[in-house]
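> Listed here are the chains, written in short residue letters.
Protein chains: 4
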Amino acid sequence: MIKAGILGSTGYAGAELVRLLLGHKDVEIVWYGSKSYVDQAFAGIYGNFFRIAENICKGEDMDALAEEADVIFTATPQGYCASLMNESVLSKVKVIDLSADFRLKDVSVYEQWYKIMHPTPQYIGEAVYGLCELFREDIRGCRLLANPGCYTTCSILATYPLVKAGLIDPSTIIIDAKSGTSGAGRGAKVGNLFCEVNENIKAYGVASHRHTPEIEEQLTKAAGAPVVINFTPHLVPMQRGILVTAYASLCPGVTAEDVANAYHAQYEGEFFIRLLGEGKCPETRWVEGSNFTDIGWVIDPRTNRVIMMSALDNLVKGAAGQAVQNMNIMFGLDEAEGLRALPMFP
Amino acid sequence: MIKAGILGSTGYAGAELVRLLLGHKDVEIVWYGSKSYVDQAFAGIYGNFFRIAENICKGEDMDALAEEADVIFTATPQGYCASLMNESVLSKVKVIDLSADFRLKDVSVYEQWYKIMHPTPQYIGEAVYGLCELFREDIRGCRLLANPGCYTTCSILATYPLVKAGLIDPSTIIIDAKSGTSGAGRGAKVGNLFCEVNENIKAYGVASHRHTPEIEEQLTKAAGAPVVINFTPHLVPMQRGILVTAYASLCPGVTAEDVANAYHAQYEGEFFIRLLGEGKCPETRWVEGSNFTDIGWVIDPRTNRVIMMSALDNLVKGAAGQAVQNMNIMFGLDEAEGLRALPMFP
Amino acid sequence: MIKAGILGSTGYAGAELVRLLLGHKDVEIVWYGSKSYVDQAFAGIYGNFFRIAENICKGEDMDALAEEADVIFTATPQGYCASLMNESVLSKVKVIDLSADFRLKDVSVYEQWYKIMHPTPQYIGEAVYGLCELFREDIRGCRLLANPGCYTTCSILATYPLVKAGLIDPSTIIIDAKSGTSGAGRGAKVGNLFCEVNENIKAYGVASHRHTPEIEEQLTKAAGAPVVINFTPHLVPMQRGILVTAYASLCPGVTAEDVANAYHAQYEGEFFIRLLGEGKCPETRWVEGSNFTDIGWVIDPRTNRVIMMSALDNLVKGAAGQAVQNMNIMFGLDEAEGLRALPMFP
Amino acid sequence: MIKAGILGSTGYAGAELVRLLLGHKDVEIVWYGSKSYVDQAFAGIYGNFFRIAENICKGEDMDALAEEADVIFTATPQGYCASLMNESVLSKVKVIDLSADFRLKDVSVYEQWYKIMHPTPQYIGEAVYGLCELFREDIRGCRLLANPGCYTTCSILATYPLVKAGLIDPSTIIIDAKSGTSGAGRGAKVGNLFCEVNENIKAYGVASHRHTPEIEEQLTKAAGAPVVINFTPHLVPMQRGILVTAYASLCPGVTAEDVANAYHAQYEGEFFIRLLGEGKCPETRWVEGSNFTDIGWVIDPRTNRVIMMSALDNLVKGAAGQAVQNMNIMFGLDEAEGLRALPMFP
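Residue numbers (the working numbering), protein chains in the order written: chain A, 109 to 454; chain B, 109 to 454; chain C, 109 to 454; chain D, 109 to 454.
The following block holds chain A by itself, in its conformation from the complex (with noise of 0.2 Å):
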């Protein structure tokens, strides 16, 4: 059995990260982390595990942490887990970090962005970006993994592989995307209030997201060359989800059958990501619970734009499901292990 550590359990997606674990087989949850809960039962917190989940939380102390679990999963605010890194810890454990610590490469655009100096700016360069689909390879060798950003996965799933073919031109991308609530986490906030959200959408964060430079540096991979886009991230009133509709000039000459056969040639047998093809529309509701994500495409003749859209479980795909994933490959274990839960609906 993997012994696992969770900072951060009593969060949305370290809650969701206790259910994934809880549910597969290979894995024991050691400590429940928790900075707001500590020496209350986890059961207490979240109803959903009584009689499940009745162990106690403990503090965030990761060197203690590294002596007793094999693997641990950061779903901490920004800054936490780098604050904690070091050489003994990753010695010790393997360790998966949900927050946004390690996704960027160039320490200067993580402190532009997200406004604190990052503190172990030394484990940055071995972090590996735990996007599976494209990066499985370096993955299972790593000791340091930085988990993708919900909005991030969902943006680069659709995007990438129409970047890496060439088919579009990566300065017109423009990425709207729509997210449920519990992606803004379980803190007390008045915008957050059900009255507040309920019947209601807006854009925020517009040309200033976080998740901006993420998935800028991925497409910047993809397309051997910078990539700058437009991001703008929108809060929907439900609970779980993410839509991502995104924009993009295709170049001169490319077909639908280029973009079909993109599509197909970078997922083909990938069991995780769903290809509905063209014309067709994903929906939240059809990956719910699960760790899909679903991808559908238009193309619009009177344009010559493609129209790429992704589906997603935001604290699935999007953050527990994929660090499970990333999990498994690290540890050498069937990558679908406990993620085979298929979508609940309605």
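Heads up, some of the hints might be wrong.
Since the list can't tell identical chains apart, any single copy or any two copies may satisfy a pair.
BS3-like mimics (lysine-lysine), calculated; alpha carbons at most 30 Å apart, straight line [said to hold, decoys possible]:
(1) Lys329 / Lys297
(2) Lys388 / Lys297
(3) Lys133 / Lys166
(4) Lys111 / Lys133
(5) Lys297 / Lys143
(6) Lys388 / Lys166
(7) Lys297 / Lys166
(8) Lys223 / Lys297
(9) Lys143 / Lys388
(10) Lys223 / Lys388
(11) Lys111 / Lys297
(12) Lys166 / Lys329
(13) Lys200 / Lys166
(14) Lys143 / Lys166
(15) Lys329 / Lys143
(16) Lys329 / Lys388
(17) Lys133 / Lys329
Hints listed in this document are in silico derivations from the structure and should not be mistaken for laboratory results.
This structure is a prediction, so every number in the text was calculated from the model and none was measured.
For this one, chain A is given, so just place chains B, C and D on it according to the hints.
Coordinates of chains B, C and D only, in the frame set by chain A:
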């Protein structure tokens, strides 16, 4: 492998059966029956099963199906399962009926509340009422199982122990129930449109809902004397979940300890019943997607009443999950097989 | 023009008062009071008032306000209005208190249920309980008005006529109430976050909710003898609306006609009470945004009980709307002035 | 009093017209037209109008209606209004058509996008496109008014000023729109059931939605040259509200001040357009129930694009409210008459 066929697989309860059975290691679905979608791919009707259940829906031919399957689930309108019942079918397969056709022992009560004639009353006698935690022994050997209604399961599980133990006056029982909208089915009706259900709550079927006699029949068994109740269902703007708030006067001298003891005695060792205890209020979100029923209660010394509360997922423990639990019992499997998924929150 | 000041204008009930008073042809708001948002523009806190109410919020200084205003509305936490009450204020302005401070005539009941000491019990006696349709005459001349609670208004309007007419046994009254989430206020609490409230229903405050003694006091008046009830509130995933489902045993010999007559006799000519009639179920959507209360009832001959149902908008008839209605009565205006907006659907 | 008749009064837009016109001091509704509910009481179809509009629905006889009314609103399916249009009708009454029949000047574009033949193209020429803030002068004298679509109104109001002022490159315009579900109408379709819409977001009609040519026609006018755009609508789990997020590349040398100036120049003095300013994101909740359109924008120096955002209530400014505003202009009334209700929140 147990070969299972589903008649009515394209309703919400039927599709939930598909979801659960696809995750059941001992079952193979051999027949996706449908009235409205014959010859269409199941995954085209429920996009969550894209690439998972691309099977083509067949008609609802129970005789043909009886040749192929070991167990048939009928998630069909009232009267339909009964109309297809015959000795030949029952001699070949086990039938688990999710409709109301074989729930009521008194055919005249059935015909009065459902306003239809029962076509095969001769099978009512042998049918077993499948409330697993109460009638497990009878379920084991049966070949025709009447799967309880959603409101009914929730109502009976909350009130049965106190009636059975003689702690409450059955003539004072009032059950106020609240249900999510999936209980209304997938039929295209104006009253179930998003804009009609959202931002609204209403009672319906007041003093006339068909689940009333079903609850009364079981409580009558528990009381050993005829029980007549008030049952009031309400429609809540959410997808899944039933909450029951039931009221009754305590018999003279009954203490809080007596009440707690009765619950614990009834449900000791039951995996799917979670007793939250006195003073605790169950919430539908804590059981969503799971087969659990959560039960809590409050004693009001000012009025000498006990308020009994229970919550379940109407599509799981209230329909498909309990059907699978019944199948597990009938086939001698671990009762929780295929039903261990934890509740999903948020 | 009547000059109105609002203490607590930045809560949901306060903001609803602003909305209604801005549409009232005889009123001018001279004071937007707030505890948390002093010196901020009201429209910055509630974007719906952008360019409409750009007024700057002031502190909650009742003495200063009493010099400027003709009427003061207090939509403030329990105990606050009472703590500011004095003869000087009452000699200058009329006070309409939306909190519970002056609703209960027995100060010990107040202190027991609200767990705070009443600072100015000497004004309880003169305060008038402002349930307009029942106590209009007393309201006319008063200077200190206790505006009823939301659950209370809905509960009393449904049950009062039958208690008063002696048609039901008051000792059998059970009130099962369901409320939208705006009733919980705009405070930043985890329990009121979108993801916690949505897709959930729960009871809370069972046998202990503070609106219980308020209902009991009024029904005791109606019955002419002490009435003790069960009152159970529930939280529903919607923004506005309260639905009450109340149960009671009919007295011997009472007919359906008696029940209908009692309702009609009580509410004849009342603009804001809409009697749907026997067998009809009110729905919160049909009153949303309006000051109406819809009432329907069902008689169950099987149990000899009557189920009394009522629906209102908790922020309008349950709070701000009734406060304006009371103001209209106190100032001799048309009672419906500023309250004629029709319910908005969908 | 202006006598108004409504054909299609029992759809959502029609019922909203009823709500607004009943609150309009100069209008009397003389005809509640309906196809599906002839001879039924309007209040039986929309319970919010209980005791308010007990009028009996009549058939949709435009000729008879033309004798009785001064203005006819048609909130009917595409092709219907056009099929009833004739000189006799137009000589007697003013017609405000909420369908698309007279919005597009080029009949072949209409027939191509709507897949129906236009029965009375001879009236297209004289019809005036009723986007009040842009074409007020033309509206004044007209007898046949084409009321704009909901998506269209929101899209044009956000983008028109910058196109007109030549600040953005029209060939780069991409409009990503999100709508509440009332826009889908009250038809009984599986896709609009609560359980299908709730907890979901999807795009639909990608690169093929019928509002596209309507937007293009108006922007072409503004640009003085043909404009072709991408328009992508999305369905959001809420009742009312449209949010538009539109993208375009700024022309060389355009400054933030230029953009702000263009908006202010276009909408100066417009009561129903609220410019939130640069860096501000409109939200549908702040306009719900009102005739306002809120507009904000962000300039992204990294990509040299401007993100233009607008929010309105699809049933008010997007349908019935703008129809009433048009009526006010056509009859020489105060343009805001009957439309002064403030947005309702929460």
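> State for each hint whether it applies.
We went through each hint and held it up to the structure:
1. Lys329 / Lys297: neither (37 Å within a copy, 43 Å between copies)
2. Lys388 / Lys297: between (37 Å within a copy, 20 Å between copies)
3. Lys133 / Lys166: This pair counts as within: shortest intra-copy Cα distance 24 Å, inter-copy 36 Å.
4. Lys111 / Lys133: Answer is both; intra-copy 12 Å and inter-copy 26 Å each pass.
5. Lys297 / Lys143: both (17 Å within a copy, 17 Å between copies)
6. Lys388 / Lys166: between (46 Å within a copy, 25 Å between copies)
7. Lys297 / Lys166: Answer is both; intra-copy 25 Å and inter-copy 23 Å each pass.
8. Lys223 / Lys297: Both ways: Lys223 and Lys297 sit 21 Å apart in one copy and 27 Å across, limit 30 Å.
9. Lys143 / Lys388: between (43 Å within a copy, 26 Å between copies)
10. Lys223 / Lys388: between (39 Å within a copy, 21 Å between copies)
11. Lys111 / Lys297: For Lys111 and Lys297, the Cα distance exceeds 30 Å both inside one copy (34 Å) and across copies (34 Å).
12. Lys166 / Lys329: neither (40 Å within a copy, 48 Å between copies)
13. Lys200 / Lys166: within (20 Å within a copy, 56 Å between copies)
14. Lys143 / Lys166: Close inside one copy (8 Å), not across copies (37 Å); limit 30 Å.
15. Lys329 / Lys143: neither (36 Å within a copy, 51 Å between copies)
16. Lys329 / Lys388: within (28 Å within a copy, 33 Å between copies)
17. Lys133 / Lys329: neither (36 Å within a copy, 42 Å between copies)
Violated hints, in rising order: 1, 11, 12, 15 and 17; the structure is consistent with all others.
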